[in-house]
Amino acid sequence: MGTLGVIFFTVLVFFVIVTIHEWGHFYFAKRAGILVREFAIGFGPKLFSVKKGETRYTLRLIPAGGFVRMAGEDPELVEVQPGQTIAVRMKDGAVTRMYLDRLDDRSNTVRGEVVSLDLEHKLVIRLDIEGDVEEFSVHPQALIITRGQETQIAPYDRQFGSKPVRKRAMAIFAGPMMNFILAFVLFGVYVQLAGVPEKLMIGEATKGMPAHAAKLQQGDVIYAINGEPIGTDFERMIDLIGESVGKPVKLDIVRGGKSFTVTVTPVADDHGVGKIGIAPMYETRSATIGETVTKSATLMKDMTVLIFDGFKMLVTGQFKLDDLGGPVRTAEMTSQIARQGIDQLTSWTALLSLYLGIFNLLPIPALDGSRLIFLGLEAVRRRPIDPNKESMVHFIGFAMLMLLMVVVTYNDILRLVRGE
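In this text, residue positions in the sequence shown follow my numbering: the first is 221, and each later residue adds one.
Do not rely on the hints blindly, as some may be mistaken.
Listed below are the simulated SDA-like cross-link pairs for lysine to any residue, each with C-alpha atoms no more than 20 Å apart in a straight line [said to hold, decoys possible]:
| no. | residue 1 | residue 2 |
| --- | --- | --- |
| 1 | Lys435 | Ser479 |
| 2 | Lys419 | Ile458 |
| 3 | Lys495 | Glu455 |
| 4 | Lys609 | Glu455 |
| 5 | Lys521 | Glu455 |
| 6 | Lys427 | Gly462 |
| 7 | Lys387 | Val600 |
| 8 | Lys387 | Pro604 |
| 9 | Lys467 | Thr452 |
It is worth saying that the hints were derived from the structure and are not from the lab.
Note that the coordinates shown come from a computational prediction; the quantities given were computed from them, not determined experimentally.
Please work from the sequences and hints to get the whole structure.
Okay, here's the thing in structure tokens:
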């Protein structure tokens, strides 16, 4: 794979796993009737923005995730206040646009001072127009326009907080859920691309090692070790050889349809583990649908265990800063794996999607797991947590995550500069 191809697939991997996560939030929020103001990939300044329907879709500068901004989750950025002079445009007897600036430039509008308004429940606004107070109905999709920006009003029944706990929880959980689904599908694709191993063979015999001295060759099929059939279980073969330092090991080999036995004596590596100097290679066949499903599920389970083992090391402090990786390290590893072929890149993308889903369910402020905990507490208490307190918790958590991201990214850049 060429350099341009590697760059393309590296960007594509990030785009796919983040987009599918945010699409999960977006889809179930829309399904619940929640107004979704923005669907964003990345953070920071906007690189690209387009509005379709009620939602603005944006691509942002910092490739460290994404977000779906739902009405009612955060304080509205634009508000109309009593005493403010505005201009409104009507259609079919209802206000469809409210202009907060450049009032003299607005044509076909009614201008007046706001006496009172209710844009959440009654959807009415009362204006003082040259001394006469008039009341106008407001369309539920009316727009507030100021500084060239349009903001759609959010009636209470379109806000996140108005929906039952189960629907809000589904809108939050849907992001990680889509990552799990994507991971399962991609592991299945990987199984189809890689095939099902039928025979364990020698891919390479390292010069100067016991296997090479015993004249083992590439393509030799390893049938059994010390009489124990090995099948395609390379890990079992490693264990049997690893625990036999200085002890002769009998390998049953098939070469060119002929069987014979070779005796080799493993030598200890730097960690005292027995090695004979061979790398594996497999003869494969296409996987059936049933095998694809079961092997995909097995890969999901095995990778989940590895991910939680990594989290355990973080909690117990058994790691160094260099063991952590941010977007730079992830992009670097993705580019390296992309050069190994589409099958390995597919497996890596599945692992990243699985990791993103699990990580987002951790009970860390600002992550989906923390938000689900708040919803759980609300269900138990039968009343919501103070929105201001919850927002503060998530804000602090987000700030800490961004600080950690900056530190890890800085360390990744230093590591690249040092050529490590």
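Against the structure, the hints:
no.	hint	in the structure
1	Lys435 - Ser479	holds, 15 Å
2	Lys419 - Ile458	holds, 16 Å
3	Lys495 - Glu455	holds, 13 Å
4	Lys609 - Glu455	violated, 51 Å
5	Lys521 - Glu455	holds, 17 Å
6	Lys427 - Gly462	holds, 19 Å
7	Lys387 - Val600	holds, 16 Å
8	Lys387 - Pro604	holds, 14 Å
9	Lys467 - Thr452	violated, 23 Å
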